[in-house]
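Enquirer: Chain order of the listed sequences is E and A.
1 is the number of the first residue of the first sequence in full-length UniProt numbering; add one for each residue after it.
1 is the number of the first residue of the second sequence in full-length UniProt numbering; add one for each residue after it.
Hints listed in this document are in silico derivations from the structure and should not be mistaken for laboratory results.
Beta carbons: idealized from backbone N, C-alpha and C, even for Gly.
Hints are supplied without guarantee of correctness; some may be wrong.
Straight-line alpha carbon distances no greater than 27 Å define the calculated BS3-like cross-link-like pairs of lysine-lysine that follow [claimed, not checked]:
{"hint": "1", "chain 1": "E", "residue 1": "K81", "chain 2": "A", "residue 2": "K295"}
{"hint": "2", "chain 1": "A", "residue 1": "K212", "chain 2": "E", "residue 2": "K84"}
{"hint": "3", "chain 1": "A", "residue 1": "K401", "chain 2": "E", "residue 2": "K81"}
{"hint": "4", "chain 1": "E", "residue 1": "K88", "chain 2": "E", "residue 2": "K11"}
Computed footprint of chain A on chain E, listed as stretches where at least three residues anywhere in the stretch have a Cβ under 8 Å from a Cβ of chain A [what the hints assert, rightly or not]:
{"hint": "5", "segment": "20-30"}
{"hint": "6", "segment": "97-103"}
Going by beta-carbon spacing under 10 Å, a handful of chain A positions derived as facing chain E [as the list claims (entries may be wrong)]:
{"hint": "7", "residue": "I10"}
{"hint": "8", "residue": "L11"}
{"hint": "9", "residue": "D14"}
{"hint": "10", "residue": "V27"}
{"hint": "11", "residue": "R36"}
{"hint": "12", "residue": "L55"}
{"hint": "13", "residue": "P56"}
{"hint": "14", "residue": "S62"}
{"hint": "15", "residue": "L64"}
{"hint": "16", "residue": "M66"}
{"hint": "17", "residue": "R69"}
{"hint": "18", "residue": "L72"}
{"hint": "19", "residue": "P76"}
{"hint": "20", "residue": "S283"}
{"hint": "21", "residue": "K396"}
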Amino acid sequence: MITLISSDKRKFHVLEEVANQSLTIRDVIEDRRGRRRADRIILVTNINSKIPEKVIVYWLRHFLMPEEIAHASMSHKKAEKLKKWEAKFFDTDIDTLNDLILAADSLDIPSLFDGACEKVSDILKNRSAEEVGEISKIENEFTHEEEEEEIPSENAWVWRNEFA
Amino acid sequence: MADEVDFLSILPDDVVITILSFLPSAVAVRTSILCRRFRHLWEASPSVLLTPRYLPRPNNLSFLRMGERVILQRHPSHPILSLHLEFRRFTPPLRDQFIYFMLVKAQSLGLRHLTIHESPHDLVYLLPSIFSIDSLESLDLPTIGPFHARMFHSGFTSTCFRLTTLSLRFFNVASFNISRILPQLPSLEDLRLEIRAMDCLSLPSQTIRKLKLIIIGADDPKFESLALSLPSLESLHLETRGPFSFSAHCPIHGEFPLLKKTVIILDEVHAPDATAVMRLLHSISHVQELSLHVKEEKYPIPNPILLEPGKTLPDFPRLKHLDVSLCFHDRNFDAIIMVLRNCPALESLKLVHKIPKFTDWAQGRKRKDWRSELPRNADGNRRYAYFTNLHLGKNKKEFMKFLAKKCTFWRRAKDLDV
Chain E
1 MITLISSDKR KFHVLEEVAN QSLTIRDVIE DRRGRRRADR IILVTNINSK
51 IPEKVIVYWL RHFLMPEEIA HASMSHKKAE KLKKWEAKFF DTDIDTLNDL
101 ILAADSLDIP SLFDGACEKV SDILKNRSAE EVGEISKIEN EFTHEEEEEE
151 IPSENAWVWR NEFA
Chain A
1 MADEVDFLSI LPDDVVITIL SFLPSAVAVR TSILCRRFRH LWEASPSVLL
51 TPRYLPRPNN LSFLRMGERV ILQRHPSHPI LSLHLEFRRF TPPLRDQFIY
101 FMLVKAQSLG LRHLTIHESP HDLVYLLPSI FSIDSLESLD LPTIGPFHAR
151 MFHSGFTSTC FRLTTLSLRF FNVASFNISR ILPQLPSLED LRLEIRAMDC
201 LSLPSQTIRK LKLIIIGADD PKFESLALSL PSLESLHLET RGPFSFSAHC
251 PIHGEFPLLK KTVIILDEVH APDATAVMRL LHSISHVQEL SLHVKEEKYP
301 IPNPILLEPG KTLPDFPRLK HLDVSLCFHD RNFDAIIMVL RNCPALESLK
351 LVHKIPKFTD WAQGRKRKDW RSELPRNADG NRRYAYFTNL HLGKNKKEFM
401 KFLAKKCTFW RRAKDLDV
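Isolated chain E (complex conformation):
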């Protein structure tokens, strides 16, 4: 059993085998193998407590149902189930997804990272640039001329319905 501590000082107890899905944590555990129990506490900074909950839920699910199940047809059905579950899991607001990406990046969990990135790209896919700007709250610091003339003419085929 190892303990994770989030940035707002909440503790999460996780089985080692489960937490091993994070490559960062696995390395830390490997480094500290054979030491006292106090060392089995891992401080996870820059992540608030809501995210570890989600990450641990994700771990547990993947721990119980590893992706590469030996059985041929069985794995197909299970993979389908897992897909559905993941779709539900990633169906959250964009801030949570953002934090999940950061957490997955720093903890090095490739499948979670890819899944969250894909979900974000799905959100962006069917929206116009203005809408994306609104969702992502990115401040638009282009000058008026740039926005009206320069950038649209650079890639006219994306913006305009007709070519001049």
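Chain E is already provided as a structure; the job is to place chain A on it using the hints.
Expert: Then chain A, alone, in the frame of chain E:
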């Protein structure tokens, strides 16, 4: 405002590029208007997906502009690792030259994964240039018809020395053309092949480890021989769609000493095909994991499709996991019991009863003939039977009891013979 974090802008560049790489190129380019940082960020995305779907006006001209901007004008410091091309309703003369230029440029940028969706009309002129991209690791091509396949005639050479994954679909292409491709690909490991049934086919390769063979059947021609000389094969997926297309005396030639896992999916099998199915099972008899799915179609009376009376049963000395779904009417159930007696190493078993359709195709079917003979399970029905850990004491006993069940049909047949 402290918790009002800018989404996307707090993420590091490489993470944003990962997100952009999931997007079709047209959408990724649109992010250039978000802010200064994003203006040229999309150019670094290593995966390019060109599709007319997300263009404001999906016509030739805008597709051309897109290809020009995203690929031809790409800075040499940004490699393209994966390229996905999708064409829809584009006039041929515009396309093939242009695609050729895009491929040449992509090759110079180190292209590794290429997928082409929907056949461009003149694929035949593109195939030589596709098969000369030496950095390619995976390739997925649209359907190749007899017209296109003429380039596989003698003289076809390929320089894809690193290609490991290949997915091909053929439509009415002569078998010698197909067999010519494989010797040219020295590191191929994973092959997915979709073909129409033909007289004979041989697939020689020293390196293939995974084969997925999908056969689209017809009543004629049927396979007279299928030669798979694949000594490194580990996983085999054999699927037939439509009428079963192996003739009764068609064996699979070839030895697969490393074969571990086999999936066989058969569509529309009837009584005369039993011998062919048996031969199929004989040729893979030393497999460790077998998954067999059979559909019986069109016939009003249940037929034994696994076994024929008087023929030898396949022996599965190394089989550990077996997964069968078919209609377990009394004949098939008896057959499966006989087969299981020949599997000494079995660890897990999964039997699923597939109820055939009672539609116009098979008028005169009576439900009672097709009733499942599986033992009643924990859910109180006879639709499936699972057995796990068969090599352990208590389960083994239970399983032996299951095996000792009556094989009424075969005994009756024997009695009649005597």
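Enquirer: So, for every hint listed, does it hold in this structure?
Expert: Results for each hint:
1. Our distance criterion of 27 Å between C-alpha atoms is met by K81(E) and K295(A), whose separation comes to about 24 Å.
2. Taking the CA atoms of K212(A) and K84(E), the gap is about 26 Å. The hint holds against a cut of 27 Å.
3. Taking the CA atoms of K401(A) and K81(E), the gap is about 34 Å. The hint is violated against a cut of 27 Å.
4. Of the supplied pair hints, the one linking K88(E) and K11(E) holds, its CA atoms being roughly 26 Å apart against a limit of 27 Å.
5. Three residues within the 8 Å Cβ limit are the bar, and the segment 20-30 of chain E against chain A gives 0, so the coverage statement is violated.
6. Counting residues of the segment 97-103 of chain E whose CB lies closer than 8 Å to any CB of chain A gives 3, so the stated coverage by that chain holds, three being the minimum.
7. Hint on I10(A) holds. Least Cβ distance to chain E is approximately 7 Å, under the 10 Å limit.
8. Against a cut-off of 10 Å between C-beta atoms, the interface hint on L11(A) holds, since the closest Cβ of chain E lies about 6 Å away.
9. About 9 Å separates the beta-carbon of D14(A) from the nearest beta-carbon of chain E, less than 10 Å, and the hint is met.
10. Proximity of V27(A) to chain E holds as hinted, the smallest CB-CB distance being about 6 Å (cut-off 10 Å).
11. Taken as an interface hint, R36(A) checks out: its beta carbon lies about 6 Å from the nearest beta carbon of chain E, inside 10 Å.
12. A distance limit of 10 Å between C-beta atoms decides the matter here; for L55(A) the minimum to chain E is near 7 Å, and the interface restraint holds.
13. About 5 Å separates the beta-carbon of P56(A) from the nearest beta-carbon of chain E, less than 10 Å, and the hint is met.
14. Interface restraint check for S62(A): the shortest CB-CB distance to chain E comes to about 4 Å, inside 10 Å, so the restraint holds.
15. The interface hint given for L64(A) is met, as the beta carbon of that residue sits about 8 Å from the closest beta carbon of chain E, less than 10 Å.
16. With 10 Å as the threshold, the beta carbon of M66(A) comes within range of chain E, its nearest partner Cβ sitting at about 5 Å, so the hint holds.
17. Of the supplied interface hints, the one on R69(A) holds, with its beta-carbon coming within about 6 Å of a beta-carbon of chain E, less than 10 Å.
18. About 13 Å separates the beta-carbon of L72(A) from the nearest beta-carbon of chain E, more than 10 Å, and the hint is not met.
19. Annotation: interface hint on P76(A) violated; nearest CB of chain E at approximately 19 Å, more than 10 Å.
20. Using the Cβ-Cβ criterion of 10 Å, the hint placing S283(A) at the interface with chain E is not satisfied: the shortest such distance is roughly 18 Å.
21. Checking K396(A) against chain E by beta carbon gives a least distance of about 20 Å; that is not within 10 Å, so the hint is violated.
Checked against the numbered hints listed earlier, the structure breaks hints 3, 5, 18, 19, 20, 21; every other hint is satisfied.
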